[in-house]
Every structure is written in C-alpha cells, then in structure tokens.
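Here is what each chain is made of, one letter per residue.
Protein chains: 2
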Amino acid sequence: MFLNVRRYLSNDSDSEDDGADKYNKYSELQRFKVHRCSLDLPGIVQLQARYANGNEAEFSTQQGASGPKLVVVMVGLPARGKSYIVKKLKRYLTWLQYDTKIFNVGNLRRNMNATKNLLEVPELLGQRRHSAAFFDPDNNDAKNLRDRMALECLDELIDWMNNGGRVGIHDATNSTVNRRKLILDHIQQKLSCKVLFVESICNDKKTVEANMRLKLSGPDYKNMDPDEALNDFRKRVVNYEKAYEPISEEEEQSNMQYCKLINVGKKVIAHNIQGYLSGQCIFYLMNFNLVERQIWLTRHGESTDNIIGRIGGNACLSAKGRRFAECLAKFISKQKIAFRQQQLAKHKADVEAEQQSDPSAIPAPEPPEKNFHVWTSLLQRTIDTVEHIDPKEFGIMHIRFLNEIYAGLYEEMTYREIEQLYPNEYNARKNNKLYYRYPGMGGESYLDVIHRVNPLIVELERMTDNILIVTHQVVLRIILAYFLDVDKESVPDMPVPLHTIYCLEPKPYGTKLTKWRYDEDTNWFLEEE
Amino acid sequence: MFLNVRRYLSNDSDSEDDGADKYNKYSELQRFKVHRCSLDLPGIVQLQARYANGNEAEFSTQQGASGPKLVVVMVGLPARGKSYIVKKLKRYLTWLQYDTKIFNVGNLRRNMNATKNLLEVPELLGQRRHSAAFFDPDNNDAKNLRDRMALECLDELIDWMNNGGRVGIHDATNSTVNRRKLILDHIQQKLSCKVLFVESICNDKKTVEANMRLKLSGPDYKNMDPDEALNDFRKRVVNYEKAYEPISEEEEQSNMQYCKLINVGKKVIAHNIQGYLSGQCIFYLMNFNLVERQIWLTRHGESTDNIIGRIGGNACLSAKGRRFAECLAKFISKQKIAFRQQQLAKHKADVEAEQQSDPSAIPAPEPPEKNFHVWTSLLQRTIDTVEHIDPKEFGIMHIRFLNEIYAGLYEEMTYREIEQLYPNEYNARKNNKLYYRYPGMGGESYLDVIHRVNPLIVELERMTDNILIVTHQVVLRIILAYFLDVDKESVPDMPVPLHTIYCLEPKPYGTKLTKWRYDEDTNWFLEEE
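Here the protein sequences come in this chain order: A and B. First residue of the first sequence? That's 1 in the UniProt record's numbering, and the numbers climb one at a time after it. First residue of the second sequence? That's 1 in the UniProt record's numbering, and the numbers climb one at a time after it.
Just chain A, with the same shape it has in the complex (with noise of 0.2 Å):
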C-alpha cells in the first residue's frame, strides 16, 4: 500500500524539524501530509509519503517541490564583503542542488533609476538613487524610499519561494534594529520558514578601503570621474556608519536566529541555530579564507581501460598515461617553484614600498614557502598517475572520497555493451545523467558523488596551502562545477578531457581559471585559452 523507493527517485527530501508545524503550507505538496523532517539533502535522501486521500504518492521531480526552505537576510555597512559571501553562499547551496537566488536591493534601486515609475516619489525624482545624499538617515523621505525598495525587494523573494525556491536571499545593508524588525515581521507574515540573519562586519581598513575600490567598478559608478565616485561612495558610507546598529543582544531576546562574521571569518558568532540548512551555512561560512593560492586539477593519465572506453575498474595506466605522469611531475614541481618565486617578489615589493615610506621601518621577515598537497583517489590510475612526484617535496595523499563514480553492475562495461544489453538503463540514464543512480550494490548517481565530496570541498575552502587534486571524469566536472559555478544541468556534460590540467585561483570576485594540455609532441604542456 504505501510507496516503495523507486531507483532514480530524486529529490523528495525532508524538510525542517520546527515543532508543531508539520505540514508545509507553502509547497506543491500541501495536499500530501508530509512530515517535516530533519535531514535534508536533495536527491540524496528519499521520503515517504502517500497523499492523504490513501493514494500513492508520485513525486515531482522538479527540485524544491518540498524540503525546507530558508531566507537568509545580510546585514552590514556597504564595503563589508556581503556581495562576495552572498555569491559564494549561492555558489555552494545551488551545487548542494538547493534551488537558491540572490535579491539584491541595490540593483532594484537601480532599476528604479531607470524606469522611474516603481514607486513614484516626486521630490526624490531628481535625486540620482546612489549619491551619498540618499543615504542620508537625515533624509526621511530617501528612508521610507529605501524601507519600501527594501520590502519591495523582499516581497520578490517570497513571491519565489512560494513557486518552489529553497533558498531566498535578501542582500542588502539592513543595518538598523528596526529595519530587521520590519523585514522579520514581513516574512513571518507571508511565509513559513526560518530566517537567518547574516551580519558582515569588518574592522580592517585596509580590507574596508580595497572593497570600497572594487565597487568603482561597479554599476552605480561606472560613467563617474573615479575620485569623485571614491569621494561619494565614502560619504554613502559615512551616512550609513551613522545609523548603523550592529545585531545586538536586545534582538536575541526575540529568539533572532543570526550569524555575524567578523573579520572574513576571524571570529564567528552564531545565535538560535536549528535546522539543518542552517547549521550547515554556518559550518560553510566559517571555513573560507581570502589567502592567495591555487588549486590544480587533474584527471588520472589515460588507463588501458580508457583505450578500449571501458567504465569504472581498477586498470593501470597506458604507455600514454606514464609519459603524461612523468611529464606531471616535471610541471608541478615547476609550477611549485614559480608560485614561491611570484611569492617573495610580492613579498619584496611590498618590503620596499613599506621602506619607502618608512625608512626606519624593520622590514617584515620572508614568508615561509607554502606547503603543496596532493591527492588522489584510492583507485590505481590515480596512484600511478602521481608516481613521479617526490613525496619529500609534496605532501601526498590517497582519499577514497575522490574515488570515481561507482557503477554497480556496470562496472568494467563499456557503454556501448549498456546500450545493447541494457537499452532501457541506458536511456534512463541519458535523459538524466545527474539524477540517474546506476542499478546494483552501491551503485552511486552524479548527486550521491556530490555529497560525498562535499566535505572535501569545506577543506578546499579552509586550506590556504597549495593543492594538485588527481582524480576522475565525474569527480572531476563536480569539483569544477563548484568552483565555476556551473549550471547543475550543464555539468554531466561538461568536456573535461584527459591530460589536461585546470589551475584554480580563489579571487575576491569568483574564481581565476587557466587550462593546460599536455602535448604528446613536445613532451610538454600548453596553455589553452
């Protein structure tokens, strides 16, 4: 009577423990009596359930059909890295494959600039809505204005959220009690989920005034004189300084669920956390670092298997895949020692400019060299693939997370044997490459590999050392797919060719791509465009 598993089920989860409220009011499956459970991850875990009325259940496969939902509300003075954490929050949710989307209060401003007909405002019309002075706490109908965008912001995200959104996030300064008070009233009104609060706060000029230089960049500034642009964001600053009110130990009264990164993570905390979502956006959030460093990525170099297109297996590598090893080898040493020479000549730089302006200044002693991991699957291509690299060197490591995708009873087929003997799994799996979990023992769909790696991704994210990761096709696109940010659609399709290295360099404003191929001719390896 009740619903069996079915294999390619993908993803009904759970959604949040929070108490008397069983049922989600807000879903496409309001009709269901779901429980509200408390582990969620999409497609990973599989939920039970029947209609009502007694009828089996057949479960939408459109994601966010059910599950939690959260609505996470930034907080902090401009300049303060919001818009970075905000994408790289996004980043990490959409590849968790919850449905997330960022509004964005400033760029409905700017909207408005445009079209001019929002909200009409007569004696605010003639003001440009970015120039310090409609910052002004002073000014009171530049306030209503801004409280009324702010809502109107706010109320597209609810109005996406109650289509199917997971994740809302409202990005914007939000930085006075009241403020909070009104948005937290807002959602509670229209909308049954929880509400994280994350405030930004940082106390390093330096930090503060390179932030401040990049959004010059940005779209409220770009037809400006730059000094007077400089000049103006200053003074939008300085008007929102005066009415900041850091989150304070009054609101935790009101059980205010709340994160406050201080520092880009120096010191975090964290108030009223429940839910799982929650807690794992927080655990994400403090294990991000801002130092200069790559991340480089490879395949295993071409294994027999790979010649005759067999999948899966534990083969060894071609005569083609050693020579791509050796030549590894020589690379990464190489890219080893240009990253330190890079290193002490910034490191040099900064030295004489210091001493320029301070001749009596003790110049900062060198830094130490990074250290340089490398890691690879438990798989024998892998193992061999890093044979050549000296382990006095480098700090090698086998994980068995990086493993390739497990194909059950496909294991060592090739995919021309699944399509003949097997046509049905072979277009079950074709027409959703990322939802389809090969038949037999432990055999593992694009999503189970995502959430394997995930903690692996956490400690990319923590490291500041240099790192080559040598592992599979599948792992391979998922691990590129975070960093690149790339459509969950597009990623069981993404060209990740063999002998073919991805450098990955961690930026303010996303992340730095450059590709090498290694060239069988020249025995070397060339950069790509």
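These aren't lab readings, by the way, just hints derived from the structure by calculation. Take these hints with a grain of salt, some might be off.
Same chains, same names: a pair is fine if it fits in one copy or spans any two.
[Unchecked claim] Pairs of lysine to aspartate or glutamate residues, derived as DMTMM-like cross-links and limited to a Cα-Cα distance of at most 25 Å, are as follows:
#	residue 1	residue 2
1	LYS320	ASP465
2	LYS507	GLU366
3	LYS87	ASP147
4	LYS267	GLU245
5	LYS87	GLU152
6	LYS267	GLU252
7	LYS206	GLU251
8	LYS346	GLU425
9	LYS205	GLU251
10	LYS267	GLU249
11	LYS88	GLU459
12	LYS266	GLU249
13	LYS101	GLU489
14	LYS320	GLU520
15	LYS194	GLU366
16	LYS260	GLU249
17	LYS260	GLU459
18	LYS346	GLU527
19	LYS266	ASP358
20	LYS215	ASP225
21	LYS266	GLU241
22	LYS101	GLU528
23	LYS433	ASP390
24	LYS87	GLU156
25	LYS194	GLU369
26	LYS206	GLU252
27	LYS194	GLU292
Note that the structure is predicted; figures quoted are calculated from it, not measured.
Since the structure of chain A is provided, determine the placement of chain B on it from the hints.
Below, chain B without anything else, positioned relative to chain A:
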C-alpha cells in the same frame, strides 16, 4: 620507489597545516620527512611518505603515531556543564578514531587529598582541598597550589601527547586571564600543536542549580550532609565568581583560538579557528541539545540471505522477518503514544506545581507532540521492515549513508565460502576487523563506515525529535558504539542480534539504554535487563 598504498593501511593520516613548521617534531615519525597535511580522517586518508634516507616507510598501525594533535583547554565556572562537554567531545573524537584523553584537575586535587605527598604545602595540609576556603581568591597559598596543580595536570597531558596521544583535554576552570596565559605558555614550550580554548557559560539559573545538585552525588561530597554540601559548593562557586574573567577581546589580540558555548550552544562564539580538527570539534559542539527524546535502533527483519548466511546483497525479508516487521509497526506506534502520554503527564505536573506556588499564573499551553522520524537504508530489507509503519504518523526516509558495509568482491558470499576461497583475506579480516577493507571496487572497512555515518551522528545530536533507525549489523554497531562509548577494539564484535530493538535516551551524564527482544511465541517485544 615510493611507497604504494596498502589496502589495510590504517591510521597514517595527515597533520595540520600551520605554515613554516613543516615537520612533526614530537611524533614517533620524527625521523621521516612527513608533510603536514590539512585533512585528517584517521584510517580513511592514506599518507604517502618515505624515510628521509630514501627507504620506503612501513607505517605504524598504532593510532596517533602521526597526524595532527590538539590540546583542548576548558574554561568556565563550576556547574556550567564543562564535564558534560568534555565527556561528549571525548566520546565523539574517540569514535572518529582520534586517541583522546581527559586530564581533570579536580581528580588530581582529590588524589592529593588522599596521598598528601604530591606537593608539600604544609600550611594547606590541614584544609580539605574541596572546601570553599580552598577556592577563595584571596587565599594566596591555595591559589598558588591550584596553579601548580593545573600545571601538574597539564604536564601529564603533555607527556601523554608526546607518547602518541592525539587530543588531550585539560578539564579545569582556568578562570582567569593569567591562568590561561600560564597554560598556553607552558604548552607552547613543550609541545608543537594547536591549542583550542573552550569556554562554557551558563546564565540560566535553573540549569546551574540542577548542575550543582548533580555535583553533590560526586566524589567531593559523597560522605557529607547534603545541605552542608550544597552550601559549601555554593560558596565555592561564589569564590570562583569573584575572580572569574571570561575570555575577553583583549585575549583575541594574541590570536587565541577559542570557542565560547553560551547556554548549551544557544549562542556560540568562535575565534581564529584553524585546522580541520578544531573546525570539526566546533561544528560538533554547536550541534547538541539537552531535550528529552528517544532514539530507537534496530536491524532489518530477518532476510532470506540471513537464513543461508550470505553477506551483503539486497535480499527480501523471510516469513519470520515479515512477522517482525508487522509487530515492529505496532510496537513503535505504542511507544509513540506512551512517550506523548509521559510528556503530557509531565506538563500537567509542571503546571500544577506552578499553580501551587503562584495561583494567579496563567498555565503554560500544552506542548505540541514531537515529530517521530523513521530512517532506513536504501536496501530492500530495511525498506520492507518499515512497510507497516504509517507514513501519516511517521516521517519515513531512506538514506544511502545507512546502507550496510559494502563487501566488494565478497558481496553475497557466506563467511564459509570466503574462508575456503580466500583464506588469507579471511584471516586478515579476523585479525583486524576494524581496519580490514573488503577487496574489490567500493569495498569498505569499519572505518569507512564510521566516516560515512558521521554526518548522521551530528544530525542525531542536533535533532530534538524522536526517531527509529532501521539499519544493518555493522552500521548498528557503529551507531551504538558512539552513543554507548564502546572501546574501538570491541566495536566489531558487539553482539547486535536480529529482532532486537535498542532505545537510547541521551541524559546529562551519559546515554540510558533499554533493550527489547521480539518474541515469536507471544508476537510481541520483551524488555531485557
């Protein structure tokens, strides 16, 4: 030339990334050039290294020979739950295979009372070293003795760490800035590892009072009149409070790594958290609660494979297994109702007590009924076991992480067959079931399963709902081992028969266990002693 991975290689994990200090000075492996690596999953991550002299390294299988070390230093007034936190953290880390030990200053002090010869302070020998006077901050002799005892205890910890320990926990009040500086300096002189201060703060008077009463049954007061004891203990706390200096922002200047837990994790402040191990500790500490609830655990009903002794596979239930499944549904429904009745009875008693002390008080509303979750693995035998449980009453989920240990090549074989066909493997497993990994693609060890189940353990700690988990022999052993603090050597041999239900109730000082056995004759469950 370089060492290849051996399949049973167990605990040769990495160490922390802390910049220049590349080599682990104090471990047994100091002869090796071992790179400090960031990720640390004992037994899962495998490190490649060789002797500095070029010989291949045979890794010690002894736990903790290499890898990161951490000293946790507790801070907080008496009766603020320090011992609770310390025991829990030790249990969790030990379960994750980090060799962890608690060094309690109170126990050392009590030993001194007994032997009176550890430190000779004649003027104090007359005083009982738990009487309130001993804790008076103006009692300088006693203060010096307390400092010396704290360092004495710390030296024991340092010795133990230098002999292979991984996480040493200094369990004392450490309630002044000076004391913490003394401790930190002392560690840094003698040990090269990170130090994490964990401060427990509790402003909730009810909790503190309850903790104080618990103390009276402890070793300091066991032969004392209860009223006198409570009085003395209260005075002791007052004396501590006089001198107590919570971890302050000034201490942040020296880059102190700390975590404050306020009111049982309601609020958490983390500062300068570095390294994988510290991050995991804090994530764990952020995710627990003291709410009364029940965790029910059982294996699936007997399967057709169980009858013939086949391991792994995806068999259905036998007729006997199906009878168990039917009875289980009735039993768990009954337990759900019983828990609810208990909850309501307690509520009623609370309301009556309150009304007696204040007849005008408005009675608190009836608490909502707890959600009751049911988790199974993705294997048919667990799904069939919950077939009769009503999804209108229970939130049912199927989770891959709860699947049985994957036996790789030996799936669907009997132990007898393995013994006959692969005697070497059979013996290797018999000699070290914990570290033995089944051969073949995807084959797992107990340690692999521990790391796979880890996120579910954190989730169980976070949840406040009731739950029934229907899983498999190895996974059940591993979950029980966590809650019941079972020695790692004993885990693989724990008897966990079919058709037996375990009920775990987390309590302030450990986990209460009750056991129920399915009786075929009466078709019901009998409670075992």
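Now the hints, each set against the structure:
With identical chains, the CA atoms of LYS320 and ASP465 are never at most 25 Å apart, being 30 Å at best within one copy and 56 Å at best between copies. Taking the closest pair of Cα atoms, LYS507 and GLU366 come within 25 Å of each other only inside a single copy of the chain (23 Å); across copies the shortest separation is 53 Å, beyond that limit. Taking the shortest alpha-carbon separations for LYS87 and ASP147, only the intra-copy value of 23 Å comes in at or below 25 Å, while the best inter-copy value is 49 Å. Proximity of LYS267 and GLU245 under a CA criterion of 25 Å is satisfied in both settings, with 19 Å inside one chain copy and 20 Å between copies.
Taking the closest pair of Cα atoms, LYS87 and GLU152 come within 25 Å of each other only inside a single copy of the chain (21 Å); across copies the shortest separation is 50 Å, beyond that limit. Proximity of LYS267 and GLU252 under a CA criterion of 25 Å is satisfied in both settings, with 18 Å inside one chain copy and 9 Å between copies. In this homomeric assembly, LYS206 and GLU251 come within 25 Å of each other (Cα to Cα) only across copies, at 23 Å, whereas the closest approach inside a single copy is 30 Å. Taking CA atoms no more than 25 Å apart as the test, LYS346 paired with GLU425 passes in neither setting, with 55 Å inside one copy and 55 Å between copies.
In the homo-oligomer, the alpha carbons of LYS205 and GLU251 lie at most 25 Å apart only across protomers (21 Å), although the nearest pairing inside one protomer, at 27 Å, exceeds that limit. In this homomeric assembly, LYS267 and GLU249 come within 25 Å of each other (Cα to Cα) both inside a single copy, at 17 Å, and across copies, at 11 Å. In this homomeric assembly, LYS88 and GLU459 come within 25 Å of each other (Cα to Cα) both inside a single copy, at 15 Å, and across copies, at 24 Å. In the homo-oligomer, the alpha carbons of LYS266 and GLU249 lie at most 25 Å apart both inside one protomer (20 Å) and across protomers (13 Å), since each shortest distance falls under that limit.
Only within a single protomer do LYS101 and GLU489 lie at most 25 Å apart by alpha-carbon distance; the minimum there is 16 Å, versus 48 Å between protomers. Taking the closest pair of Cα atoms, LYS320 and GLU520 come within 25 Å of each other only inside a single copy of the chain (8 Å); across copies the shortest separation is 64 Å, beyond that limit. Taking the shortest Cα distances, LYS194 and GLU366 sit within 25 Å of each other only across copies (23 Å), while inside one copy they are farther apart (48 Å). Taking CA atoms no more than 25 Å apart as the test, LYS260 paired with GLU249 passes in both settings, with 12 Å inside one copy and 15 Å between copies.
When the C-alpha separation of LYS260 and GLU459 is checked against a cutoff of 25 Å, the pair qualifies both within a copy, at 21 Å, and between copies, at 23 Å. In the homo-oligomer, the alpha carbons of LYS346 and GLU527 lie at most 25 Å apart inside one protomer (23 Å), although the nearest pairing across protomers, at 71 Å, exceeds that limit. For a Cα distance limit of 25 Å, the shortest separation of LYS266 from ASP358 qualifies neither inside one copy, at 29 Å, nor across copies, at 48 Å. When the C-alpha separation of LYS215 and ASP225 is checked against a cutoff of 25 Å, the pair qualifies only within one copy, where the shortest distance is 13 Å, while the shortest distance between copies is 69 Å.
Within a single copy, LYS266 and GLU241 get their C-alpha atoms as close as 22 Å, which meets the 25 Å cut-off; across copies the closest is 29 Å, which misses it. Proximity of LYS101 to GLU528 under the C-alpha cut-off of 25 Å is found in neither arrangement, the shortest distances being 33 Å within a copy and 53 Å between copies. In this assembly of identical chains, LYS433 and ASP390 lie within 25 Å of each other by CA distance neither inside one copy nor across copies; the values are 38 Å within and 33 Å between. Taking identical chains as interchangeable, the C-alpha atoms of LYS87 and GLU156 lie at most 25 Å apart only when both belong to the same chain, with a minimum of 18 Å there against 48 Å between chains.
In this assembly of identical chains, the alpha carbons of LYS194 and GLU369 lie at most 25 Å apart only when taken from different copies (20 Å versus 44 Å within one copy). Taking the closest pair of Cα atoms, LYS206 and GLU252 come within 25 Å of each other only across two copies (19 Å); inside a single copy the shortest separation is 31 Å, beyond that limit. Proximity of LYS194 and GLU292 under a CA criterion of 25 Å is satisfied inter-copy only: 23 Å between copies versus 35 Å inside one chain copy.
Hints 1, 8, 19, 22 and 23, counting from the list given before, are not met by this structure.
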